[in-house]
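Top to bottom, those sequences are chains A and B.
Counting from 1, position 310 in the first sequence corresponds to residue 310 in full-length UniProt numbering; the numbering is continuous, with no gaps.
Counting from 1, position 191 in the second sequence corresponds to residue 191 in full-length UniProt numbering; the numbering is continuous, with no gaps.
Please note: incorrect hints may appear among the correct ones.
[Stated by the list, open to error] Here are the computed lysine to aspartate or glutamate pairs in the EDC-like style, where the Cα-Cα straight-line distance is at most 20 angstroms:
1. 180(B) x 180(A)
2. 182(B) x 139(B)
3. 178(B) x 111(B)
4. 72(B) x 35(B)
5. 178(B) x 166(B)
6. 106(B) x 131(B)
7. 178(B) x 93(B)
8. 188(B) x 166(B)
9. 180(B) x 139(B)
10. 182(B) x 180(A)
11. 182(B) x 181(A)
12. 53(A) x 103(A)
13. 55(B) x 191(B)
14. 180(B) x 181(A)
15. 178(B) x 181(A)
Treat the hints as calculated values from the structure; they're not laboratory data.
Quick caveat: nothing in here was measured; it's all calculated off a predicted structure.
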Amino acid sequence: LPAGLSQWFPALEVLDVSGTGLAELGAELLGLSQLHTLLAKNNRLGGPGSLPKGLGQAPLARSLRVLNLSGNRFAEVPPALLELHGLQSLSLGGNRLHSIPPEIQELRSLEFLYLGGNFITSIPPELANLPFLNYLVLCDNKIQSVPPQLAQLHSLRSLSLHNNLLTYLPREILNLVHLEELSLRGNPLVVRFVRDLTYNPPSLQELAGRTIKTRNVPYAPSDLPENLVRYLSLASNCPNPKCGGVYFDSCVRQIKFVDFCGKYRLPLMHYLCSPECSSPCSSASQSSTSQSESDSEDEASVAARRMQKVLLG
Amino acid sequence: TEQPVQTEMWKAQSLEELIRILHRIFAEDKVSVEEVQELMESYESNPEEWLQYAKFDQYRYTRNLVDNGNGKFNLMILCWGEGHGSSIHDHTDSDCFMKILQGNLKETLFEWPEKKGNGEMTKKSERVLRENQCAYINDSIGLHRVENISHTESAVSLHLYSPPFDSCNTFDQRTGHKHKVKMTFYSKFGERTVCVSTREHT
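Chain A on its own, in the form it takes in the complex (with noise of 0.2 angstroms):
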């Protein structure tokens, strides 16, 4: 691009770069403090230098809302682009990912977020501080599992994860308040009650651990080792909100059918802190899916009237 570009085009708002065969992007773009859109699909970015020196101090930065960068060649998200705080829309699908940061948490003004067509096999947690994201999409990657922690992404209103490696989600996904449109197949989801697989026994320290916890023993730092002590810090809930139990490394996991809509049975991961957990929910020792679990049904009906359209098949 011209290296005048931002003086002769201070204005300029929407710039569209797409299929030129650019392999960088370069200072010339720094100065257009206008800018808000740059569409720079289906180039020859993704290279060391795709994205100029010194982006995330210039006026750009602080003017670009929508940026999109399909089609091109980044094997992973430039850091560079992690500076654009003001970026409301991203656009890498079709590119080589394999991963996302955790930097991606660093776009907090991000509503859009289209990472369709890479080879991203799993999501950070951290994508789950975006607290404006309503648009994600992860289709056709390689993604095996979804954090539980994407359940916080409270504004989401469409959710992508078609043609992935998927075979169940997390309980969580129930969570979300306001997602209209979740779209899952093509995804090796288990159709039917899975027989929960390995359950490695706790340890006696976890054990003992759990004792203290749930029977409130006291104690004091004085009375016990440094690293048992930041041991019985690290206990967690039980996940069952019926069981008042917690657990430290060893907990079980379960598949449970919910039904969405009243249409699709959708396999959901659920933790639990034993095989045992108390509450009507649970037991690994149970086998069919007909144990609808009242609690995992009543959250199911309220999902089902949030939940506009699940494109399971």
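Mind docking chain B on chain A? Use the hints.
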């Protein structure tokens, strides 16, 4: 001079002309599928002529009514953002033509599920439709899913349904179970409809 035979093929030079010819064809008692398909394909997409109907939605594909064919057919434009796709659906005993105006759409054909079916639906075939191509389907041919599989380009398609219908069945690929849905328009005749429906589209 002799009257041209019924099978003479039309060429539509503009969207307006396409609509005019469609009205003439559908005024007759019998309509030939081949004639309509050839006509639709003959129209060379010109964005200036349809841009006013092409209203995109960020979250899903949109259906934008162009002409209601004096009740004989519905002509509409569908706008597909990157990654947008439909459910597997049927066509409520109607003839359906789908012409690509911009971009590409993947059409996957499925067999009707068995009555007692409780297994994965059977894929018959799939193809990618290119600009200006026109596909045809009806319930006797099967069911299909249409999707924009591009992560970089949006797509626009022109659909003709005769007779018009406003509900259809969507199907769960994993089980063959069907579910009736009402279909709505995102815009009509170029004007955004304030839609209060919260029902699925296909």
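Hints, one by one, checked against the model:
1. For the suggested pair residue 180(B) and residue 180(A), the alpha carbons sit about 18 angstroms apart, so the restraint of at most 20 angstroms is met.
2. With a C-alpha separation of about 17 angstroms, the suggested pairing of residue 182(B) with residue 139(B) holds against the 20 angstroms cut-off.
3. At roughly 13 angstroms between alpha-carbon atoms, residue 178(B) and residue 111(B) fall within 20 angstroms of each other, so this suggested pair holds.
4. The suggested pairing of residue 72(B) with residue 35(B) holds, with an alpha-carbon distance near 16 angstroms, which does not exceed 20 angstroms.
5. With a CA separation close to 16 angstroms, the supplied pair residue 178(B) and residue 166(B) stays within the 20 angstroms bound.
6. Annotation: proposed proximity of residue 106(B) to residue 131(B) holds, straight-line Cα distance about 12 angstroms (limit 20 angstroms).
7. For the hint linking residue 178(B) to residue 93(B), the alpha-carbon distance of about 16 angstroms falls within 20 angstroms, and the restraint holds.
8. Simply put, residue 188(B) and residue 166(B) have alpha-carbon atoms about 14 angstroms apart, close enough for the 20 angstroms limit, and the pair holds.
9. About 15 angstroms separates the Cα atoms of residue 180(B) and residue 139(B), which keeps this hinted pair within 20 angstroms; it holds.
10. For the hint pairing residue 182(B) with residue 180(A), the CA-to-CA distance comes to about 16 angstroms; that is within 20 angstroms, so the pair holds.
11. For the given pair, residue 182(B) sits about 16 angstroms from residue 181(A) by alpha-carbon distance, which is consistent with the 20 angstroms threshold.
12. For a cut-off of 20 angstroms, the pair hint linking residue 53(A) to residue 103(A) stands: about 18 angstroms separates their Cα positions.
13. With a C-alpha separation of about 9 angstroms, the suggested pair residue 55(B) and residue 191(B) falls inside the 20 angstroms cut-off, and the hint holds.
14. Restraint check for residue 180(B) and residue 181(A): satisfied, since their Cα atoms lie roughly 17 angstroms apart, inside the 20 angstroms limit.
15. Straight-line distance between C-alpha atoms of residue 178(B) and residue 181(A) comes to about 18 angstroms, which keeps the hinted pair within the 20 angstroms bound.
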